[in-house]
Amino acid sequence: MNRTQPISAGQPSLSGLRMPRYGMVIDLKRCYGCYACVMACKVKNHTPPGVFWSRILKGEAGTFPNVVRQALPVLCMQCDEPSCLEVCPTGATVKLDNGIVIVEKDKCMGCKYCMMACPYGARYSVDEWESYFPDGLPLSPYEEFAKQAWEDKSGVGVATKCDFCRDRIAEGRDPACVEACPAKARTFGDLDDPDSEVSILIKRYRGEVLNPEFGNKPKVYYLAPR
Amino acid sequence: MNPKANGQLQTEWSWWIAAYLFLGGIGGGAYAIAAVNWFLGESASASTAVGLWIGFPALLIGSVFLLVDLGTPRRAVLAGMKPGTSWIARGFWIITAFMVLALLHLILHAFTAVGQTASGRMILSVVGAAGIVCAVGTMAYTGILLGASKGIPFWRTGAVPVVFVISALVTGHFTIMLIAPFYRGVTAEAVQTMSLEAAALVVLEVLAILFFLQAAFKTPDPRESALRILRKRSFVIGYFILGLAVPFVTMLIVYRSVASTELSSYVPIAAGAALLGLVGGLILRQSVLVCGALPTLNIAGFEFRRIARPKDPKPGIGMLPPQ
Numbered sequence: 001m002n003r004t005q006p007i008s009a010g011q012p013s014l015s016g017l018r019m020p021r022y023g024m025v026i027d028l029k030r031c032y033g034c035y036a037c038v039m040a041c042k043v044k045n046h047t048p049p050g051v052f053w054s055r056i057l058k059g060e061a062g063t064f065p066n067v068v069r070q071a072l073p074v075l076c077m078q079c080d081e082p083s084c085l086e087v088c089p090t091g092a093t094v095k096l097d098n099g100i101v102i103v104e105k106d107k108c109m110g111c112k113y114c115m116m117a118c119p120y121g122a123r124y125s126v127d128e129w130e131s132y133f134p135d136g137l138p139l140s141p142y143e144e145f146a147k148q149a150w151e152d153k154s155g156v157g158v159a160t161k162c163d164f165c166r167d168r169i170a171e172g173r174d175p176a177c178v179e180a181c182p183a184k185a186r187t188f189g190d191l192d193d194p195d196s197e198v199s200i201l202i203k204r205y206r207g208e209v210l211n212p213e214f215g216n217k218p219k220v221y222y223l224a225p226r
Numbered sequence: 001m002n003p004k005a006n007g008q009l010q011t012e013w014s015w016w017i018a019a020y021l022f023l024g025g026i027g028g029g030a031y032a033i034a035a036v037n038w039f040l041g042e043s044a045s046a047s048t049a050v051g052l053w054i055g056f057p058a059l060l061i062g063s064v065f066l067l068v069d070l071g072t073p074r075r076a077v078l079a080g081m082k083p084g085t086s087w088i089a090r091g092f093w094i095i096t097a098f099m100v101l102a103l104l105h106l107i108l109h110a111f112t113a114v115g116q117t118a119s120g121r122m123i124l125s126v127v128g129a130a131g132i133v134c135a136v137g138t139m140a141y142t143g144i145l146l147g148a149s150k151g152i153p154f155w156r157t158g159a160v161p162v163v164f165v166i167s168a169l170v171t172g173h174f175t176i177m178l179i180a181p182f183y184r185g186v187t188a189e190a191v192q193t194m195s196l197e198a199a200a201l202v203v204l205e206v207l208a209i210l211f212f213l214q215a216a217f218k219t220p221d222p223r224e225s226a227l228r229i230l231r232k233r234s235f236v237i238g239y240f241i242l243g244l245a246v247p248f249v250t251m252l253i254v255y256r257s258v259a260s261t262e263l264s265s266y267v268p269i270a271a272g273a274a275l276l277g278l279v280g281g282l283i284l285r286q287s288v289l290v291c292g293a294l295p296t297l298n299i300a301g302f303e304f305r306r307i308a309r310p311k312d313p314k315p316g317i318g319m320l321p322p323q
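Residue numbers (my numbering), protein chains in the order written: chain L, 1 to 226; chain Y, 1 to 323.
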């Protein structure tokens, strides 16, 4: 597989009756920080202001004058050993059989301990869905719709996070951020399937996880930018 | 609003949680001091009588602060479901047990004559011993809660529980000193003893906080937080100077002078110093909380952290930047 060629995001695969273990690969050489994934996530999940289940960090490396800047897309790492799950006192945080970590909103009491436990800063808590517009303007019709959708799915006063768009996965589609990426920097699939694109990319280009020293065993892999 | 960046300070836990940890510490510290005094045979002393009165109410009020901070308080009863892995769940059971024992001890000591008989004293001993264990657990829990937070490197050290336990004893002791003058049985000797104990505890707290900060300076992310806390005026002036140094000097003065002079003239001075110490204890917890930051993310030689930049001139969509 040629790294410079666009790679199809591909569908999550099921090998027979085996449960997949979903993961994502992000090619940092392809990512140019356009924020399309951030916007796609916001539109898909109706996240209120200040909530970014998908976000972009900008980093620097080298010393002047040989300095380079790099965009780093970050989302919930869907860790195999999630520290958010360990600390959740009510059992609201659950790891599904397919490896996706979710929050059951009806069990969460909003103590925010999971936010202190996640070293990747992937969790958010919202007390109220406020308008994107300043000066206390009332919610626009779209915002009213988004607020209702958010409250139905994620809820206020509880911890929230990315769930790899599991409703889209159930329909056989890729997560919104994967589909929206114009540079095809993101690939989604089954990490346990050795023939899946994610497995091949990780193996061939030595995919690495962010800060492995945290010990959370993330399932979002990155391909080095250089 | 900008996305959350790693290296950014956490903002979710602030004054409400600081007050919860503070009152939990006061309750545990005051009760532990009172119960230990009771075991030492000072069942009628001011610090025993007053300390037993502080434990339960402090925890009760502290729990209200925690409830206020919860996003969905009506589900607080679910808090104890996972004591196997979560320190909030463990804390739920530790604090519940402590509140029951502290209340029972108070009722038996203050409203019954149980302590007059041998069998009654046995019951009080059992309740007191179990209460001390739970009080120490409560004091330690307020620090372990932070120490077990993997996402905040500044807190993730064994020094935080040590600092919080010692600070809990100090604030518990100061609360006893604040209320003791209203207890009719208080004597000059009792005030002298309490002053000396308070000064010794303050010295211990200074050593613990210095140990905590020097340990934080050893690694990059906690160092950022340690520098930030040392730049906070409220921490340096409110906690270190007014909350520790001034009470320490005052307690030594009271210790040296109270026996030779009228007790009543020293009561407001000792109470004032104790009040400053209590405010300092609250500032300590709030400062440690708000100076906690997410760790820096790194991959392939790149560091991804908060980049300092001028404030965004555009306050929001639909508004022009200021001319």
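There's no promise every hint is true.
Derived pair list, reagent style DSS-like, types lysine-lysine, alpha-carbon separation capped at 25 Å [said to hold, decoys possible]:
#: 1; chain 1: Y; residue 1: Lys-150; chain 2: L; residue 2: Lys-217
#: 2; chain 1: L; residue 1: Lys-95; chain 2: Y; residue 2: Lys-232
#: 3; chain 1: L; residue 1: Lys-29; chain 2: L; residue 2: Lys-153
#: 4; chain 1: Y; residue 1: Lys-232; chain 2: L; residue 2: Lys-42
Footprint (simulated), chain L over chain Y, 3 or more residues, beta carbon under 8 Å [unchecked claim]:
#: 5; stretch: 45-55
#: 6; stretch: 83-93
#: 7; stretch: 146-154
#: 8; stretch: 242-252
Since the hints were derived computationally from the structure, they do not count as laboratory data. The C-beta atom is built at its ideal place from N, Cα and C for all residues, glycine as well.
How the hints compare with the structure:
no.	hint	verdict
1	Y/Lys-150 - L/Lys-217	holds, 14 Å
2	L/Lys-95 - Y/Lys-232	violated, 40 Å
3	L/Lys-29 - L/Lys-153	violated, 34 Å
4	Y/Lys-232 - L/Lys-42	violated, 36 Å
5	45-55	violated (count 0)
6	83-93	holds (count 6)
7	146-154	holds (count 6)
8	242-252	violated (count 0)
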